[in-house]
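Peer 1: Residues per chain, in single letters:
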Amino acid sequence: MGRKAIELIDGTNEKIGRMGALLILPMVGVVVYEVIMRYIFSAPTSWGFETTTFIYGIHYILGLSYTQLHDGHVCIDIFEARLPTKKRAVLGIITSLLIFFPTFVCMTIFSWRYALDSWQNWEHQSTSWAPPLYPFKTLMAIGFTLLLLQNFSKLLKDWQTITSRQEEGKL
Amino acid sequence: MSPELLTILMFGTLILLIASGHPLAYTLAGVAALFGLIDNGFNVPALFDMFANNSWGLMQNYVIVAVPLFIMMAQVLDRSKVADKLFESLYIVLGGLKGGLGLAVVVVSTVFAATTGIIGASVVAMGLLAGPALMRKGYQKELSSGIICASGTLGILIPPSIMLVVYGGLTGYKETSVGNLFAGAILPGILLSSLYFLYISLLCHFKPKIGPPIPESDRTHTTAQKWSMTLKSLIPPLGLILAVMGTILSGIATPTEAAALGVVGAMILALANKQLNWRVLKEASISTYKTTAMIMMLFIGGKFFSTVFLSMGGGDVVANVLLGSGLNRYMVLTIMMVIVFFMGMFIDWAAILLVTVPIFTPIAMELNFNPLWFAMLMCVNLQTSFLTPPFGYALFYFKGVAPPEINIGHIYRGIIPFVILQLIGLVLLVIFPQIITWLPSVVFSH
Numbered sequence: 509m510g511r512k513a514i515e516l517i518d519g520t521n522e523k524i525g526r527m528g529a530l531l532i533l534p535m536v537g538v539v540v541y542e543v544i545m546r547y548i549f550s551a552p553t554s555w556g557f558e559t560t561t562f563i564y565g566i567h568y569i570l571g572l573s574y575t576q577l578h579d580g581h582v583c584i585d586i587f588e589a590r591l592p593t594k595k596r597a598v599l600g601i602i603t604s605l606l607i608f609f610p611t612f613v614c615m616t617i618f619s620w621r622y623a624l625d626s627w628q629n630w631e632h633q634s635t636s637w638a639p640p641l642y643p644f645k646t647l648m649a650i651g652f653t654l655l656l657l658q659n660f661s662k663l664l665k666d667w668q669t670i671t672s673r674q675e676e677g678k679l
Numbered sequence: 074m075s076p077e078l079l080t081i082l083m084f085g086t087l088i089l090l091i092a093s094g095h096p097l098a099y100t101l102a103g104v105a106a107l108f109g110l111i112d113n114g115f116n117v118p119a120l121f122d123m124f125a126n127n128s129w130g131l132m133q134n135y136v137i138v139a140v141p142l143f144i145m146m147a148q149v150l151d152r153s154k155v156a157d158k159l160f161e162s163l164y165i166v167l168g169g170l171k172g173g174l175g176l177a178v179v180v181v182s183t184v185f186a187a188t189t190g191i192i193g194a195s196v197v198a199m200g201l202l203a204g205p206a207l208m209r210k211g212y213q214k215e216l217s218s219g220i221i222c223a224s225g226t227l228g229i230l231i232p233p234s235i236m237l238v239v240y241g242g243l244t245g246y247k248e249t250s251v252g253n254l255f256a257g258a259i260l261p262g263i264l265l266s267s268l269y270f271l272y273i274s275l276l277c278h279f280k281p282k283i284g285p286p287i288p289e290s291d292r293t294h295t296t297a298q299k300w301s302m303t304l305k306s307l308i309p310p311l312g313l314i315l316a317v318m319g320t321i322l323s324g325i326a327t328p329t330e331a332a333a334l335g336v337v338g339a340m341i342l343a344l345a346n347k348q349l350n351w352r353v354l355k356e357a358s359i360s361t362y363k364t365t366a367m368i369m370m371l372f373i374g375g376k377f378f379s380t381v382f383l384s385m386g387g388g389d390v391v392a393n394v395l396l397g398s399g400l401n402r403y404m405v406l407t408i409m410m411v412i413v414f415f416m417g418m419f420i421d422w423a424a425i426l427l428v429t430v431p432i433f434t435p436i437a438m439e440l441n442f443n444p445l446w447f448a449m450l451m452c453v454n455l456q457t458s459f460l461t462p463p464f465g466y467a468l469f470y471f472k473g474v475a476p477p478e479i480n481i482g483h484i485y486r487g488i489i490p491f492v493i494l495q496l497i498g499l500v501l502l503v504i505f506p507q508i509i510t511w512l513p514s515v516v517f518s519h
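Just so you know, the sequences run in chain order A and B.
The first sequence begins at 509 in this note's numbering and counts up by one.
The second sequence begins at 74 in this note's numbering and counts up by one.
Isolated chain B (complex conformation) (with noise of 0.2 Å):
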């Protein structure tokens, strides 16, 4: 067979299987071996010892370490109780302003994103905090649940992230090595918490209605007090910060060491608010467990697929379609990202970075772009992916703990103008490419 059917192929029966509701990882896994035999001739030992080199691999992979260990300190920390401290302060400081309560959810998540590398604990916490809060003041179910899913997932894009380590993990690029993708994602991190917030500050200024400042008889707080409030609670988490994210970006800790670092910072604020011990620890080692091994398994699977498909020159195919189809640039580019895009409505991050990933760098790289710029536009866009319906985790996850009165209709309908913002974001990272580039190479400079 051609290598051109066997791509088509590959996929094709890919999709299909993955629509029967099987696990992921394990379809991955199984479409990897069927094509795998049929390309080296049904030499059953060749493609699994091969499989189990693979999975050696993964389990040598020093860089990926940090994954369990950024997600032990998410857990951790959501178990801290420093959030609902945060929260409460910006209640009261920006809770004034029409739209103010969306715009503290804004605040409070992008600060919990630089401490966090996942998104299920921030929109789960998130959800539970504000989302009463929200109902009560009055605000529309559509803008709170938008504000609250979209603010939620910047926790995978703003470092540290699991995203990126595996990204970093994956590629082993010195362009792309964890610590500058680290650098590269905390101002695009920021362009999009900007974004949202100013959408909130002028749709909330023409329309009090969906989102209304609270009543001058609840604001009793002077403004020293919010001061004081604000800074109280925004030490904690801001000294987290800087332990894991100064620490790597000055080059004392890989990002791995860092990571275990964050697990301390953690508990050290666990503690202090009187939330750590033996129960906390093992709950939080046993969530940590289930996300990590749910991610490994599908890099075992992804791993396998995408051997397999580089193997029998699948991606020299995708190439040659795509370079060789005349196409300008900036065409190529959009096409790979409409392609991710897409694939985010329905596969989750993990799996299409860890499929997608070994096949469209190699093109990237033959049109000259910055290996970083791309990761980072890959990972935005998958970030997305947890807003996308009909299956953005992050919509499900806020589903999961939602007041009663939010319907996924009204998730649904709430994450569009989040989901455009996304591509506004994406757009202007394309068009300002220094906003991912410049600081990391002011920071790494040395």
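Isolated chain A (complex conformation) (with noise of 0.2 Å):
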């Protein structure tokens, strides 16, 4: 079940990284329509400054667990990196069960809290062009949930690190 589980998460993250990392293109164009609309036809978008703010929010909402999922952030391992691998697993389950999970658990549950008080709001920009803000609220709380499930794939993985030692001896 664990392996299935680490199949679902990784996978999702993988499909959802590859999809967000292409966002940067839209920001691109976006930011380069405003500038010529502006410069060359003096006439500015309404929307290009804040449709470029979302694009980018987005953009690394999401790829905080496709970075975690490859390993991206960083970390000082000048310790870490000299223990045994099973020595590692098991530290990496006693400092992910003791910083990052009673963190980021709250963090994701307050985040939810958070969009759900913008959607019963109907909360919108208070500029010219208005943008809804919930459903970038939402992203953000799917961001963090990601994020969450990534890292509860990296502690089943630690976990078959750990209890690895039977299987091998059945290989």
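If you're looking for bench data, these hints aren't it; they were derived computationally from the structure.
A virtual CB, placed ideally from N, CA and C, is assigned to each residue, including glycine.
Mixed in with the good hints, there may be bad ones.
Chain B stretches covered by chain A per the calculated footprint, using a threshold of three residues with CB under 8 Å from any CB of chain A [to be verified]:
1) 191-199
2) 359-365
Just some of the chain B residues that point at chain A, by a computed CB distance under 10 Å [what the hints assert, rightly or not]:
3) Val-117
4) Ser-128
5) Ala-331
6) Ala-332
7) Ile-373
8) Pro-435
9) Met-438
Hints are included, so try docking the two chains, each in its own frame, into the full complex.
Peer 2: Given below as structure tokens:
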């Protein structure tokens, strides 16, 4: 079951990550369009500035879990790297349970609450274009949820590393 | 608990947990959560509502939009082979001098630093390009490693630079706007690059064995050929520099807009070198994604940390210790710089920046230091953090691509003179603050 959960989480985040990464292209497109409209046609858009910010926000918030999947979050592994694989997995589980999970379980719950608040108040940006904010706050909650799941997958992998002795014996 | 005790405990816990090897960003957030709760009497909703609000604020920060864009520009440029051509021509032009190949690396890296805002790509590119060439021509391993690592890190200082974007996005002062920081970093960047250039020339002049000129028989190009090669390979990157930095300094475009134009410019250069296709764009996007998300995760953790630290009075504690010590203001400055330098030996630049800037900037203001000048000292110091063992990222990036005969010992030994050059540069910037403040005052005088 653990293996299936890992495959499901890793697969989902890989797919979301590969799509999310491409958001950089429309981000470039919108900014360049805005610059051209403003300087060449003297007709700045009402939406360029905010659209850019929204795309950027979605871009990185969905990238947090993808970067975790590929072990891209920097850490100081001077001591950790010297440990044998199993001990490293044990340390990984301890630090995750001690540091990551308490913090980011709360963070995820409260970012959903934050999004829910926004839906309930039908919150819009107070600018002339007045885009809705609830979809983007929801995406923030989704981003933290995916990050939580990806770290759960790492936890399962560390656990498998620890318990893999029997399986190695079978092979 | 008194703020003094909390401050000490908070930093102590951070250091202890960082050493466990848990990702830095999570650790910053976790320590912030723990001490935030201790400080507010375990009011979970209040703390995490604030954190949710902090995260949302980061998703709304238009200045930081320039970070992914500049990273993308560097990633596309890195795949465009523009650097290869420039190195090939400078190899021929400067190769005949003592230490000439090393000088070529410094020049190429400096030009490329002015088109990219990150260091990973430039150290890797120069390591792959110049590393084998330097070994073949009999350059000392230590010297070669030092040259490639040190000049490769100029990318994070010479604008455009994501470090300066993060700094500007973090402080929000007018004096340290991204535009001002960009203008202020140009001369310090050139100063450091000149220091490397001078050092390599002098060293190889007196000890030609460690950096020999290429043999007479290999020098077959005429002066005219050399000039035309150099011009042809220099025009594309210079055009890009003009498009990006020119639009920012003339006030036509915001740094974010210039960054997007830079991505388009990099794509055009890649297209001209027949290197642009869907696969390249996809790879560049994915590399950009990982770097951006890594920095933004640190931004989230760092924001939580500094918010809690400042709200529980930790900033005042540090300020009182430093300001109440009766030390002269340059001594206080030195202490702050030593702290940053020491942290740089272990921690990633973004984490140091996000933790120390909110604490140190008010102190620097209190001491009547020019905020722009102070910012630049911090950034030169943080650039050095890429080079200082045991944890210098540039050294690891280089090790990953270095020729097999170079080991980490050569790299550690080779970088020491360049770290000393960095410190000399830092001292020069303290003695001659005009190196930092002159250009912004001219460019943005209107």
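Peer 1: None of the hints should be skipped; say for each whether it holds.
Peer 2: Consistency of the hints with the structure:
1. 191-199: Violated: only 0 residues of the region 191-199 of chain B have a Cβ under 8 Å from chain A.
2. 359-365: holds (count 6)
3. Val-117: holds (6 Å)
4. Ser-128: holds (6 Å)
5. Ala-331: holds (9 Å)
6. Ala-332: holds (8 Å)
7. Ile-373: For Ile-373(B), the interface hint holds, since the closest Cβ of chain A sits about 8 Å away, which is under 10 Å.
8. Pro-435: violated (27 Å)
9. Met-438: This interface hint is violated because 29 Å lies over the 10 Å limit.
Violated hints for the displayed structure, listed by number in ascending order: 1, 8 and 9.
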